[in-house]
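Enquirer: Hints given; two lone chains; assemble the complex.
If you're matching them up, the sequences are chains A and B in order. The opening position of the first sequence corresponds to residue 5 in the numbering used here, with each subsequent residue numbered one higher. The opening position of the second sequence corresponds to residue 328 in the numbering used here, with each subsequent residue numbered one higher.
Here chain A is said to cover these stretches of chain B; the calculated rule only asks that three of the stretch's residues, wherever they fall, bring their Cβ under 8 Å from a Cβ of chain A:
#, stretch
1, 395-404
2, 409-421
3, 427-434
Distance windows between CB atoms, simulated:
#, chain 1, residue 1, chain 2, residue 2, range
4, A, Leu-111, B, Ala-440, 44 to 50 Å
5, B, Ser-464, A, Leu-98, 32 to 38 Å
6, A, Leu-98, B, Ser-354, 32 to 38 Å
Partner residues are not named here, just some residues of chain A that face chain B (Cβ under 8 Å, in silico):
#, residue
7, Pro-165
8, Asp-167
9, Ile-186
10, Pro-189
11, Leu-190
Hint data in this document are derived by calculation from the structure and do not stem from the laboratory. All figures in this text were calculated on a predicted structure; none of them were measured in a lab. C-beta: ideal position from N, C-alpha, C; glycine also.
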Amino acid sequence: MTGRRHLALGAALGLMVAFSLGPFLWSVVTSVRPPSELTGGTLLPRALSIDSYAGVFGQRPFALYLRNSVVVGLLSTAIALTAGALAAAVLARLRPSLGRLVEVTLLFFALWPPAVLLVPLFTAGRALGLVDSLPGLALVHAALNVPFVTWMLATFFRQIPADLEDAARVDGFSRLQFLVRIALPLAAPALAATAILAFIFSWNEFVIALTFLSRDELRTVPVGIAMLAGVTVYEIPWGQISAAVVMTTLPVVAAVLVFQRWIVSGLTAGAVKG
Amino acid sequence: MMAQLELRGIRKSYDGRADAVGGVSMSVAPGEILTVLGPSGCGKSTLLRLVAGLERPDAGDVFIAGARATDRAPRDRNVAMVFQSYALYPHMTVEENIGVALQLQRVARGDVAARVRDAADRLGLGNLLGRYPRALSGGERQRVALARALVRKPALFLLDEPLSNLDATLRERARADLKALFGQLGATVVYVTHDQIEALTLASRVAVMRTGRIVQVSSPGDIYDRPATVFVAGFVGSPRMNLLPGALVGSDAHTVGVRPEHVRVGGDGPLRLAVALREPLGAQVLLRLRRAAPAGPPLEITALVSNDAPLAREGDVAAVTLDPLRLHHFDADGRRRD
Chain A
5 MTGRRHLALG AALGLMVAFS LGPFLWSVVT SVRPPSELTG GTLLPRALSI
55 DSYAGVFGQR PFALYLRNSV VVGLLSTAIA LTAGALAAAV LARLRPSLGR
105 LVEVTLLFFA LWPPAVLLVP LFTAGRALGL VDSLPGLALV HAALNVPFVT
155 WMLATFFRQI PADLEDAARV DGFSRLQFLV RIALPLAAPA LAATAILAFI
205 FSWNEFVIAL TFLSRDELRT VPVGIAMLAG VTVYEIPWGQ ISAAVVMTTL
255 PVVAAVLVFQ RWIVSGLTAG AVKG
Chain B
328 MMAQLELRGI RKSYDGRADA VGGVSMSVAP GEILTVLGPS GCGKSTLLRL
378 VAGLERPDAG DVFIAGARAT DRAPRDRNVA MVFQSYALYP HMTVEENIGV
428 ALQLQRVARG DVAARVRDAA DRLGLGNLLG RYPRALSGGE RQRVALARAL
478 VRKPALFLLD EPLSNLDATL RERARADLKA LFGQLGATVV YVTHDQIEAL
528 TLASRVAVMR TGRIVQVSSP GDIYDRPATV FVAGFVGSPR MNLLPGALVG
578 SDAHTVGVRP EHVRVGGDGP LRLAVALREP LGAQVLLRLR RAAPAGPPLE
628 ITALVSNDAP LAREGDVAAV TLDPLRLHHF DADGRRRD
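This is chain B alone, in the form it adopts within the complex (with noise of 0.2 Å):
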């Protein structure tokens, strides 16, 4: 099928600096979500704003339903955005700021006020219409921006932290009815965060960004499963993946990775180190084990283990085996080994 969106070789850079999004090539296929994770800088927001035509690439193209619009206005790409702030019209009414960009477009005013009454009622703002932004809450502020983007049926939303200016049980919540939402539109979608639940959980696909490049495009469980460098590996999942140096833990690889749910606690085996720190997270608790000074170079592992687990009181000392299947092995330059 015709991509929705594909990017090929794009490249930005701000007044000479090094690039904020350096060589991105990929697609979105129509109806997917492709979520973009990355820590804050990696220049993700760069690449949703070259997409919208905010910016202009230094180099590449971007292709929207399938023709090249790279060097179309922002207007003249259907696409919708919602930014993080929601940037509503400040004296305008819900009314009117979701209607807006329609009126723009001339459609007939009869059709605007149905189709805006469509996207309020389906975002629960049916009785909001003529209230001022002011006057509403956060998460209201959020579900207008949100009307004001899927109004205009656009060929592609682009979405920038949408979610990270509500608070947590909030933000929760409208986490689950914005993926109920896209489903039911079957929309296409770029969702720009820095919050790895929201991106794996939204997500038909992940692609994980680092200083202006994509490190890696999957699934949410390939992301997670098989991470493609020790950047990845590290980056998405919590708690934090255990990087150990290879040649601690009797293997060849120059790094090895090892999720704190898959390293084990009690038992037999050669490697035996400390509990240093214990960490309830309720029907978990979360360890971290040290080696003694004399027994070896130092080693540090966070495990995760069930709440009633054996030996883990703090200062016991207990033998540490790591799940032999669920092991990453990465290289010195921090690609995955297969």
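Looking at chain A on its own, in the form it has when it is part of the complex (with noise of 0.2 Å):
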């Protein structure tokens, strides 16, 4: 019985992971193989090759992307853990009604597709000289993720006994001393998964850095894999673009696989109450 349930349980996950990372693996595939043997129709390739990469990192910028989508990626996180931060500690010490009122505010605004804002945001945008600047970018990435982060915080910061803030407070602690050097430690668990996730929408983000950058020295990894092209218009570089899809994935999984780790072992030390 258990062990055909196993069983069963392994086929079930084996299915699922064939399928969430298929894709992906044909993707690895297609950005090794030789150009000759693109359309070939060979499950695996009868050769390795690395022109796929070399034609990316060589006859396109895609250093440069990659620079761009780091700048962007951790700039933006930073700005959104910060006011996010700042928000949710208010936020956790509301008054119960008021706080569901302003967090349910807050996941209206996080559930808002940023598509429908783009108009708007562009026009602003234009208007304050955030347009065709990394930083500009990265403000506006920020904003769309506060709504989320202030939200993760505040759910994790209502944790914290409150005997520990009016502690601190007789300690001699500030509101901020009490946020820096106590709530955030504490949250440091729910602040890197936070972050991970406010870095991998700002890395995965298109439609904004599309239309906020026209210059192809700024631009992002996702709108410079949309850009690559062949030599004419017909020709689609399927290698290159599998070559950098790889190249953009592979940073963000080792991110999580090291983070995840420390996410794991703070929960455990944070999870205790002292």
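Expert: Shown next, in the form of structure tokens:
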């Protein structure tokens, strides 16, 4: 009975993994095919080639795109976490009825698709000189992330016992010192999880980056990939696109794996009340 | 001598409900340990929070060491507080927990280390400085909370039920240690508790609180021997004082109180009651005595008698006398009549 259930469970999991990872694996395989085999139709390449990678970095400014994405991602994450943590600290100590209202409102804005905001954002961005600037785009990404970050952190801050804050106030901590030296270290796991999600949002975001950045040397990776084109309009450089996709995905996967261990250890450390 | 803490007409209510603290005035002299005793919800913790500055009073003033502190933030009041939950910072070591307040006051690093060590040694925490709170026992956490308070050498110590999370044996020990410690330091302490033994054993004076007001402030002996109201009489003392309608025992007072240890069983007297229940307490026995219905209106009295007292079996009928010198007389409004 148990054996059969394990087998069924294993098969189901395997199916799920294959379904999720299949497209990515196909990209990996495509990225290492020699150009001649791209339309060959074999499942596995007969030879390995790094031509596609060399092309992406050599013929295209892909390294620059990566750098731009990292800058925008880190900057927007830092801004969103700072603003969100400050807002969450207040939100967590509001009267429950008022706090609930603010939270629902935040969630409402978090669920708003960015594309809907595109035109007003662009108009405002142009007026404020945020267009064609990486910090400008980072600011927009951060703004879109703030509701979600606030909501996540407020949930966590609310679990910090009120006594701890009272003790800190008597001990001489200011509100800001309490936030920086006590609440945030205790919220480290939540902070890490939130940071990853905020970073991934910015890393993947396409529409706003496309609209805000018109100069090629400022483009982020998702826009850069979309702009990869062959010599003629009839040619789509699948190899290079796949190589770019792999190059874009791996750093994020690595970051999540690194952080994940920290999140788990942080969770057990923080969950036990003093 | 100038009072270390003085409260004048302190009043506080939450969201328009009845006053949590309603017009409290009192003072605590330097070196005095004042315990605030009362049932849960009587406002004693709110009172402590008002002194600490964690709450603002709706009316009244707080004076600490002679200076008006009503508008000062908690950190500018030079008070230290110990919480029932200890409220240790989970991500800091014992050493950091104890030293962080000094660090925030910009005390020189070497001085911080010396004072932390001194406080830790006083409380037997010397070899635990590198530990995190999660690796400590309940008693150790309690002592860290205490060390965190006394390292600051505050004008006033505020303790909110600091022992109620400890188990009974540990609590007794910790109580004695606390008393010795505060005696050595000559510290001024306001100690909130619902445990009357703690309140009576630790205090120079006890303030009994009920529904936001202080009913009596007096020495522990006075609180026990001369309770000011029926409430204090019934609340302080275990087993509880007998509170009887005056008319039933031939008095013109509204209520007559007598402690169980002042009820004599045996001998002769007009009042004859049957032993309804016998509860051995070790050296003594608690007897619940009841008047059989036909003989008069129902009457129940508890008596605390020695273990080997005669006529102490269930069903025995005995003459019961109340020590006339130990009777407490109260008026209809519950106030003591002398």
